[in-house]
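J.: Sequence:
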Amino acid sequence: TPVIVVENGAVIDEKIKLVNISVDDILLAARQHHGIYELKAIKFAILERNGQISIIPEQE
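Going by UniProt numbering, 9 is the number at position 9 of the sequence shown; the sequence numbering is gapless.
I should point out that these hints are in silico values taken from the structure, not numbers from a laboratory. Note that beta-carbon positions come from the ideal geometry of N, C-alpha and C, so glycine has one too. Among the clues, some could well be false.
Stated by the list, open to error - Listed next, the in silico SDA-like pairs over lysine to any residue satisfying Cα-Cα at most 20 Å (straight line): (1) K15 to I4; (2) K15 to Q59; (3) K40 to T1; (4) K17 to H33; (5) K17 to R49; (6) K15 to F44; (7) K17 to E7; (8) K15 to L39; (9) K17 to S54; (10) K43 to L28; (11) K40 to S22; (12) K40 to I55; (13) K15 to G35; (14) K40 to L28; (15) K17 to T1; (16) K15 to I56; (17) K43 to A10; (18) K43 to H33; (19) K40 to S54; (20) K17 to E58; (21) K15 to L28; (22) K40 to N50; (23) K15 to E60; (24) K40 to E58; (25) K15 to A29; (26) K17 to L27; (27) K17 to Q59; (28) K43 to P57; (29) K40 to E7; (30) K17 to V3.
To be verified - Now the in silico label distances, taken between C-beta atoms and shown as ranges: (31) G35 to E14: 25 to 31 Å; (32) T1 to E60: 27 to 33 Å; (33) I12 to Y37: 27 to 33 Å.
Construct the complete structure from the given sequences, taking the supplied hints into account.
T.: As C-alpha cells, then:
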C-alpha cells in the first residue's frame, strides 16, 4: 500500500519512522524529479509499493 509521507509541505513523522525513510530521501526524490529544494513546495510525497518516492508539487 502506498504511504503518504508529506502532506502540504509537512512531514508526517510517524509515517516516515514506520517506513524507515528520512527527510533527506524525500528531498532527494523532489530534487531529482522536479527540481524542488524545499518541503513547502511539495503537496504530497508518497512512498510507493516499489520503494520509490513520488512527489506531487504544490501548484504555482
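J.: Compare the structure with each hint and give your call.
T.: Consistency of the hints with the structure:
1. Our distance criterion of 20 Å between C-alpha atoms is met by K15 and I4, whose separation comes to about 7 Å.
2. Restraint check for K15 and Q59: not satisfied, since their Cα atoms lie roughly 24 Å apart, outside the 20 Å limit.
3. Between K40 and T1 the alpha-carbon distance is near 25 Å, which puts this suggested pair outside the 20 Å criterion.
4. A hinted pair counts as satisfied when its Cα atoms are at most 20 Å apart, and K17 with H33 does not qualify at roughly 23 Å.
5. Between K17 and R49 the CA atoms are separated by roughly 16 Å; this keeps the pair inside 20 Å, and the hint holds.
6. Between K15 and F44, the direct Cα distance comes to roughly 13 Å. Compliance with the 20 Å bound is thereby established for this hinted pair.
7. For a cut-off of 20 Å, the pair hint linking K17 to E7 stands: about 15 Å separates their Cα positions.
8. The hinted pair formed by K15 and L39 meets the criterion: a straight-line CA distance of about 16 Å does not exceed 20 Å.
9. A distance of roughly 17 Å separates the Cα atoms of K17 and S54; the hinted pair therefore holds under the 20 Å criterion.
10. A distance of roughly 15 Å separates the Cα atoms of K43 and L28; the hinted pair therefore holds under the 20 Å criterion.
11. Taking the CA atoms of K40 and S22, the gap is about 16 Å. The hint holds against a cut of 20 Å.
12. Only pairs whose Cα atoms come within 20 Å are accepted, and K40 paired with I55 is accepted, the gap being roughly 12 Å.
13. Taking the CA atoms of K15 and G35, the gap is about 24 Å. The hint is violated against a cut of 20 Å.
14. For the suggested pair K40 and L28, the alpha carbons sit about 14 Å apart, so the restraint of at most 20 Å is met.
15. The suggested pairing of K17 with T1 holds, with an alpha-carbon distance near 16 Å, which does not exceed 20 Å.
16. For the hint pairing K15 with I56, the CA-to-CA distance comes to about 17 Å; that is within 20 Å, so the pair holds.
17. Distance hint between K43 and A10 is fulfilled; the C-alpha atoms sit about 9 Å from each other, no more than 20 Å.
18. Distance check on the hinted pair: K43 and H33 sit about 14 Å apart at the alpha-carbon level, within 20 Å; holds.
19. A threshold of 20 Å between alpha carbons decides the hint, and for K40 with S54 the separation of about 15 Å falls inside it, so the pair holds.
20. A C-alpha spacing of about 24 Å is found between K17 and E58, which places the hinted pair above 20 Å, so the restraint is violated.
21. Taken as a hint, the K15 and L28 pair is honoured in the structure, with Cα atoms around 18 Å apart against an allowance of 20 Å.
22. For the given pair, K40 sits about 25 Å from N50 by alpha-carbon distance, which is inconsistent with the 20 Å threshold.
23. Between K15 and E60, the direct Cα distance comes to roughly 27 Å. Violation of the 20 Å bound is thereby established for this hinted pair.
24. Taken as a hint, the K40 and E58 pair is honoured in the structure, with Cα atoms around 8 Å apart against an allowance of 20 Å.
25. The straight-line distance between the Cα atoms of K15 and A29 is roughly 17 Å, inside the 20 Å bound, and the hint therefore holds.
26. Restraint check for K17 and L27: satisfied, since their Cα atoms lie roughly 16 Å apart, inside the 20 Å limit.
27. The hinted pair formed by K17 and Q59 fails the criterion: a straight-line CA distance of about 27 Å is larger than 20 Å.
28. Under the criterion of a C-alpha separation no larger than 20 Å, the hint pairing K43 with P57 is consistent with the structure, at around 5 Å.
29. Restraint check for K40 and E7: the C-alpha separation of about 9 Å stays at or below 20 Å, so the hint holds.
30. Restraint check: the Cα-Cα separation between K17 and V3 comes to about 12 Å, which is no more than 20 Å; the hinted pair holds.
31. Checking the proposed 25 to 31 Å range against G35 and E14 shows it holds: the Cβ atoms sit about 29 Å from each other.
32. Restraint check, T1 to E60: a C-beta distance of roughly 30 Å satisfies the suggested window 27 to 33 Å.
33. A beta carbon spacing of about 20 Å between I12 and Y37 contradicts the range 27 to 33 Å that was offered as a hint.
Hints 2, 3, 4, 13, 20, 22, 23, 27 and 33, counting from the list given before, are not met by this structure.
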